[in-house]
Structure formats: C-alpha cells, structure tokens
Amino acid sequence: MAVMIRNEVFSCYVFYGVLLVIKMYILAIITGQVRLRKKAFANPEDALRHGGLQYHRQDPYVERCRRAHINDMENILPFLFLGAIYSMIGPSLAVARFHFLVFLMSRTLHSIAYLFALQAPTRSLAYIVAQIPCFSMAVQILMAVAAYA
Amino acid sequence: MAVMIRNEVFSCYVFYGVLLVIKMYILAIITGQVRLRKKAFANPEDALRHGGLQYHRQDPYVERCRRAHINDMENILPFLFLGAIYSMIGPSLAVARFHFLVFLMSRTLHSIAYLFALQAPTRSLAYIVAQIPCFSMAVQILMAVAAYA
Amino acid sequence: MAVMIRNEVFSCYVFYGVLLVIKMYILAIITGQVRLRKKAFANPEDALRHGGLQYHRQDPYVERCRRAHINDMENILPFLFLGAIYSMIGPSLAVARFHFLVFLMSRTLHSIAYLFALQAPTRSLAYIVAQIPCFSMAVQILMAVAAYA
Numbered sequence: 001m002a003v004m005i006r007n008e009v010f011s012c013y014v015f016y017g018v019l020l021v022i023k024m025y026i027l028a029i030i031t032g033q034v035r036l037r038k039k040a041f042a043n044p045e046d047a048l049r050h051g052g053l054q055y056h057r058q059d060p061y062v063e064r065c066r067r068a069h070i071n072d073m074e075n076i077l078p079f080l081f082l083g084a085i086y087s088m089i090g091p092s093l094a095v096a097r098f099h100f101l102v103f104l105m106s107r108t109l110h111s112i113a114y115l116f117a118l119q120a121p122t123r124s125l126a127y128i129v130a131q132i133p134c135f136s137m138a139v140q141i142l143m144a145v146a147a148y149a
Numbered sequence: 001m002a003v004m005i006r007n008e009v010f011s012c013y014v015f016y017g018v019l020l021v022i023k024m025y026i027l028a029i030i031t032g033q034v035r036l037r038k039k040a041f042a043n044p045e046d047a048l049r050h051g052g053l054q055y056h057r058q059d060p061y062v063e064r065c066r067r068a069h070i071n072d073m074e075n076i077l078p079f080l081f082l083g084a085i086y087s088m089i090g091p092s093l094a095v096a097r098f099h100f101l102v103f104l105m106s107r108t109l110h111s112i113a114y115l116f117a118l119q120a121p122t123r124s125l126a127y128i129v130a131q132i133p134c135f136s137m138a139v140q141i142l143m144a145v146a147a148y149a
Numbered sequence: 001m002a003v004m005i006r007n008e009v010f011s012c013y014v015f016y017g018v019l020l021v022i023k024m025y026i027l028a029i030i031t032g033q034v035r036l037r038k039k040a041f042a043n044p045e046d047a048l049r050h051g052g053l054q055y056h057r058q059d060p061y062v063e064r065c066r067r068a069h070i071n072d073m074e075n076i077l078p079f080l081f082l083g084a085i086y087s088m089i090g091p092s093l094a095v096a097r098f099h100f101l102v103f104l105m106s107r108t109l110h111s112i113a114y115l116f117a118l119q120a121p122t123r124s125l126a127y128i129v130a131q132i133p134c135f136s137m138a139v140q141i142l143m144a145v146a147a148y149a
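Residue numbers (my numbering), protein chains in the order written: chain F, 1 to 149; chain W, 1 to 149; chain Y, 1 to 149.
I should point out that these hints are in silico values taken from the structure, not numbers from a laboratory. Computed from a predicted model, the values in this text were never measured in an experiment. We put the beta carbon where it would ideally sit given N, CA and C, even for glycine. Please note: incorrect hints may appear among the correct ones.
Per the computed footprint, the stretches of chain W lying under chain F, defined by three or more beta-carbons under 8 Å from a beta-carbon of chain F, are [to be verified]: (1) 71-82; (2) 119-130; (3) 133-144.
Keeping only pairs whose Cα atoms sit at most 27 Å apart, straight-line, the calculated DSSO-like set for lysine-lysine is [claimed, not checked]: (4) Y:Lys23 - Y:Lys39; (5) F:Lys23 - W:Lys23; (6) F:Lys39 - F:Lys23; (7) W:Lys23 - W:Lys38; (8) Y:Lys23 - F:Lys23; (9) W:Lys23 - Y:Lys23; (10) Y:Lys38 - Y:Lys23; (11) W:Lys39 - W:Lys23; (12) F:Lys38 - F:Lys23.
To give an idea of the interface, some chain F residues facing chain Y are shown, with a C-beta separation under 8 Å as derived from the structure [said to hold, decoys possible]: (13) Ala42; (14) Leu125; (15) Met143; (16) Ala146.
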C-alpha cells in the first residue's frame with residue numbers, strides 16, 4: 001500500500017472526493033431516467049427504440065439536468081485536483097475536513113437547487129460558497145510551491 | 001523518481017489512463033475533421049476562414065461527435081481519479097487490471113457505438129458495463145477510508 | 001508532508017496546474033458576468049430574479065464563453081492527469097517546466113482568442129500548440145509504464 005493513503009488528511013480527501021464522484025454519477029442516472037420518462041432522446045437510434053423518431057427531441061427538464069451535470073464537471077473535477085494537492089502540503093486534519101465538507105454540502109445543495117428549480121439566488125449562492133474552499137486551497141497551494149514556478 | 005510509479009498496480013492504472021486520454025483526444029480530432037468536411041462551424045471567425053458566414057451552423061453529425069466527447073469527459077475523468085486512488089489501496093494486480101481493461105474496452109465500444117450510431121441499446125450497454133468497475137472501485141475505496149470521514 | 005510535494009518537478013507541475021485551474025475559474029466568472037450584462041439566463045428562475053421570463057434566452061456571446069469553458073475542460077483536465085504522472089517518471093526540471101509553460105501560455109492565448117473572436121486560425125493554432133506538450137508527455141509516460149500493460 002502506498003505511503004499517501006496512510007496520510008489521514010489524504011484519506012479524508014479521498015472519502016469526500018469519492019462521495020462527490022458518486023453525486024455526479026447520480027446526476028447522470030437521473031438524466032437518463034428523465035429522458036425515458038419524458039421520452040426525449042438526443043439520438044435518433046434511442047428514439048427509435050423507445051417509440052419512434054418523434055421522440056428525438058429536446059425537453060426543458062432534460063436540459064436542466066444536463067446543465068446541472070456539466071456544472072458539476074466544471075467544479076467537482078478541479079476540486080479533485082486541488083484537494084489532492086492540498087492534502088500533501090500539510091494542513092491540519094480539522095481545517096482540511098472543513099474545506100472538503102463545505103464543498104460537498106454546497107455542491108449537494110447546488111444539485112438540489114438545480115433539479116428542483118429553487119428560487120434564485122439559492123443555486124448561485126451554493127455555487128459561490130462551494131468556490132470558497134477551492135480558492136482557499138488554490139492560494140495555499142500556490143504559496144507552498146511558488147518557489148518552483 | 002517517485003515511489004508511486006514503481007508500484008506495479010499504479011503503473012498499470014497509468015497505462016490504461018493514458019490510453020483513455022488519447023481516446024478522448026482522438027474524439028476531439030474527429031470532431032474537428034467532421035466540422036471541416038461538413039463545413040459546420042461553431043464560431044463565425046472559423047466559418048469566414050472556410051468559405052463564409054453561411055457555414056456558421058450546426059450539423060447533426062458534428063453534434064453527435066460533441067455528445068460522444070462530453071460523455072467521455074463525464075466518465076473518463078472520474079475514472080482517472082477513482083483508478084489512481086484504487087491503485088493505492090492494495091488490490092491485486094490481476095483484479096486491478098481487469099477493472100481497467102473492462103473500462104477501456106467498454107468506453108471504446110461506447111465511442112464506436114456513438115460515432116457509427118449503432119442500434120440501441122449498444123451504446124447504453126457499453127456505458128453501463130463501463131460504470132461497473134467504477135462503482136466497484138468507489139465502494140472499495142470508501143471501505144478503505146471510511147474511518148477518516 | 002508527503003514525499004511527492006518535495007519533488008521539485010512535481011511542485012513545478014502543481015504551480016502550473018493551479019494557475020490553469022484559476023484560469024478556468026475566471027472563464028466561469030466571465031460567463032456569469034456576461035449573462036448578467038446581456039440579460040441572457042439559462043434558467044427561468046434566474047431570469048425571473050433579473051427582470052422577467054423574457055430574459056430566459058440564449059445569447060451568442062454567452063454561448064461563446066460557454067464553448068471556451070468547455071474547451072478548457074476538454075484540454076486542461078486531461079493535462080492535470082498527464083502532468084502529474086509525467087512528473088513522476090523522472091524528467092529534468094527544465095524540460096518539464098518547458099512542457100508546462102508552453103501549455104499554460106497556449107491555453108491562455110486560446111481563451112483570449114475565443115473571448116475576443118480573434119481572426120482564424122489563431123484559436124486553432126493555440127489549441128494545437130497546447131496539445132504538443134500533452135502528446136509528448138503521453139508518449140513518454142506510455143514508454144515508462146508499457147511493461148505493466
């Protein structure tokens with residue numbers, strides 16, 4: 001077993017990182033289920049299998065799910081990079097866990113606000129709060145490695 | 001040279017990970033070539049260079065290539081995270097390679113099914129089979145680090 | 001503190017990786033500001049908050065920002081993977097820094113060319129130049145780990 005996984009901050013990061021990836025996967029599954037329920041398929045071959053080419057069409061709620069998913073990619077994937085590096089620069093476990101927890105909770109609220117079309121600016125606020133630990137980690141990492149620019 | 005790259009499971013993960021990234025790059029190159037051949041450009045400045053603003057337009061096959069590429073991002077990028085961590089929790093080389101190989105082969109079939117519009121549900125099955133090693137890795141990782149939640 | 005972060009090539013990679021992530025974040029912020037200025041919202045709940053449902057609409061410049069951002073995801077996220085692994089296979093610091101610097105500068109030019117709609121093929125050339133260090137890293141990594149296929 002590698003050295004890193006025995007580091008408790010890195011293990012904490014891994015725990016939250018995997019939960020975030022599962023959250024993304026759940027959004028993909030929801031999108032697929034909504035496509036089936038609304039009969040709105042992006043590809044003619046899928047429409048043909050589910051009733052005919054008239055179902056090769058867009059649906060506003062499917063597009064909403066897509067936007068939620070793409071926003072997750074834009075934010076969770078960079079977090080996976082920042083969190084991994086941040087875990088290696090020696091933060092305290094409590095502070096690191098707080099960063100990861102704020103991100104997980106804000107991004108979960110972001111997905112809920114998107115899927116249920118909660119009143120603005122709920123979703124935007126969740127996005128902004130989730131970015132705070134990311135900017136914090138980015139700044140701390142840059143200070144730790146700036147000598148190697 | 002770092003310790004990790006001398007770990008044979010991690011090296012195996014790296015091999016498959018790089019092939020998957022190259023597969024994504026190939027999809028991007030195909031999309032660009034299809035844009036040129038179909039004369040369908042997302043940006044007016046590109047259309048102007050290739051014959052005029054009438055080619056600033058959408059094309060169904062270009063959009064298909066785009067969807068294939070975005071689906072790759074949604075699935076291959078989280079795999080790169082899960083596979084790296086999974087390699088650090090001490091799986092046997094044979095079991096780990098089987099996870100990576102199933103994912104690479106399923107995602108390659110997924111791209112082929114998308115680009116050639118193979119009859120449904122070929123593409124969906126390829127997507128689902130590729131998710132199985134991902135869920136397997138996610139569960140094993142969570143069990144390994146749950147104590148650090 | 002983990003062993004890796006004391007590796008100077010890895011630290012150099014981290015420095016450029018974080019700058020690239022910040023560059024992506026800036027594109028997201030620009031997109032949001034353009035949505036507000038152009039009053040073009042992807043979600044009805046956002047439009048309602050900013051003047052009415054008539055602002056639930058697409059805008060060509062917002063779509064341009066979106067394409068710039070998605071292109072960043074397609075290229076910067078795989079770089080974060082390739083750069084991390086490449087740092088572990090023992091390149092010289094000078095050669096590695098050159099790979100990272102070419103990528104950062106080309107991707108920055110790519111974003112500028114996209115946002116200002118610079119004459120073609122500026123943006124495409126920036127994309128191609130940025131891919132050269134990525135292909136170089138991919139090939140060197142495959143040669144280093146091919147024995148573990």
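For each hint, the structure was consulted:
no., hint, in the structure
1, 71-82, "holds (count 6)"
2, 119-130, "holds (count 5)"
3, 133-144, "holds (count 6)"
4, Y:Lys23 - Y:Lys39, "holds, 24 Å"
5, F:Lys23 - W:Lys23, "holds, 25 Å"
6, F:Lys39 - F:Lys23, "holds, 24 Å"
7, W:Lys23 - W:Lys38, "holds, 22 Å"
8, Y:Lys23 - F:Lys23, "holds, 25 Å"
9, W:Lys23 - Y:Lys23, "holds, 25 Å"
10, Y:Lys38 - Y:Lys23, "holds, 22 Å"
11, W:Lys39 - W:Lys23, "holds, 24 Å"
12, F:Lys38 - F:Lys23, "holds, 22 Å"
13, Ala42, "violated, 16 Å"
14, Leu125, "violated, 12 Å"
15, Met143, "violated, 10 Å"
16, Ala146, "holds, 7 Å"
The structure is inconsistent with the numbered hints 13, 14, 15, although it conforms to all the rest.
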